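Student: Start from the sequences, fold in the hints, and give me the full structure.
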Amino acid sequence: LATQLSLSLAECPGTGSAQAGRASACQGCPNQGLCAAGAAGPDPAEAAELRARLRAVRHTVLVLSGKGGVGKSTFSALLAHGLAADETKQVALLDIDICGPSIPKMMGLEGEQVHQSGSGWSPVYVEENLGVMSVGFLLSSPDDAVIWRGPKKNGLIKQFLRDVDWGEVDYLIVDTPPGTSDEHLSIVQYLSATHIDGAVIVTTPQEVSLQDVRKEINFCRKVKLPIIGVVENMSGFVCPKCKNESQIFPPTTGGAEKMCQNLNVSLLGKVPLDPQIGKSSDSGQSFLAEAPESPATLSYRSIIQRIQEYCEQHHFQEEKIM
Amino acid sequence: ALIKQFVTDVAWGDLDFLIVDTPPGTSDEHISTVEALRPYQLLGAVLVTTPQAVSVGDVRRELTFCRKAGLHILGIVENMSGFVCPHCSECTNIFSKGGGEELAKHAGVPFLGCVPLDPQLSQSLEEGRDFIQEFPKSSAFPALTHIAQQILDTSQRSS
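Going down the list, the protein sequences come from chains A and B.
Residue numbering for the first sequence follows the working numbering, starting at 1 and increasing by one per position.
Residue numbering for the second sequence follows the working numbering, starting at 1 and increasing by one per position.
Treat each hint with caution, since some may be false.
Claimed, not checked - From the structure, some residues in chain B lie toward chain A, with a derived Cβ separation under 7 Å:
#1 22
#2 25
#3 26
#4 65
#5 96
These are computed hints drawn from the structure, not numbers from a lab.
These numbers come from a predicted model, not from an experiment.
Virtual Cβ for every residue (Gly too), placed ideally from N, Cα, C.
Tutor: Rendered as structure tokens:
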């Protein structure tokens, strides 16, 4: 069984290929149905609709992690805040973690509802230039659980992309659930009608997290999603009392730095632990604004700048897809 | 299908306890796992959270999943609950504190305990060593053994 599984992963024909869903390696893959139904992208009518909807989005960044609990949503929220600090930029944050939608709480928008207008669903605005959309807004109680199988989730993701009236956006940040499952394939396929600048992958220094990141990197390469780089979160802790540093999540195999070197991927930065990060997230505030002098803030800002530079350099000429 | 195979086709032999580690979320894998295990003696579910509100927020939904799936809730564990600096012994609540305990109270389920952060735990797991054997003096040790004891007690009461 293990051999079959590893062969499958190695022999995925690629979701966009003619063999998608039909190769022998596709047997048992959770996305086989989607690929075989020719849904390697949205159908042409939907594709046109999607393109029209996202035509005014200049840059799209996916935030991925192979592993849960590494700080991906925290990073997505702070990336959005960091980019929106420039008031001339219009930023949008889309939370497609359908089972665990943390973004509303982190952005101080818990309890908000979405409104529908003639032009579609309106994002909820944190600032004038920072809009948010999450399945969390559709749940009436904090106890409600979205217990859906893949195809229904795919349908919702599609709807978010198609029906949200984002307007003109400079940066669309997409916060994904952990793993390389249907949600990821779904979002990449639907967005392939428009343009994704690239993916940022978040990890902790531990090997158990890096193992999943390597899979994530493979996934990105298979679906031809450019990798902007890797962020190593929870990278060391400085005791507030004695100022000594501890590696709470020891990088037993060299951490993200070694992995990035080995896989020829950019290490965007390392963010140390800071108890204020969790506190700010829990109270829906921007950690960057609440703790501007923290070493973690300096790290985040440097990483955000590198992402911005990457996007600006790879500026996509919209005319090319039309 | 794979999950069902892991349950039915693996030669587990005679077992006192089967621990099933699940991915995060309330999704296909969880539904399939509960369905595959239902014919067997499901003692229940242990829900793990960190102390922060955003983590607790997800676990509230997981509790709903358990209730809808008819899964008995053994209790909640508050993980990564505090870090004791090895240099000066100052305890810092890096991921806040108390969220797991509050949730257990609010939801009316047992609170199994807090497990503090210990770099030795992470390291020994990565190196495939037995943390319980090697680090009985770790601050995580009493917490983990206490949790295990409560589960043992529950299983003895129910058999």
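Student: Classify the hint on residue 65 of chain B as holds or violated, based on whether any CB of chain A lies nearer than 7 Å to its CB.
Tutor: Holds - the Cβ of residue 65 of chain B comes within 7 Å of chain A, reaching about 5 Å at its closest.
Student: Do the numbers back the hint for residue 26 of chain B, that is, is its least Cβ distance to chain A under 7 Å?
Tutor: holds (5 Å)
Student: With a cut-off of 7 Å, does the beta carbon of residue 22 of chain B approach a beta carbon of chain A closely enough for the hint to hold?
Tutor: violated (11 Å)
Student: Given a cut of 7 Å on the nearest C-beta pair, is the interface hint for residue 25 of chain B held or broken against chain A?
Tutor: With a closest approach of 4 Å, the residue 25 of chain B hint holds.
Student: Does the interface hint hold: is residue 96 of chain B within less than 7 Å of chain A, judged Cβ to Cβ?
Tutor: This interface hint holds because 5 Å falls under the 7 Å limit.
Hint 1 from the list above is the single one not met by this structure.
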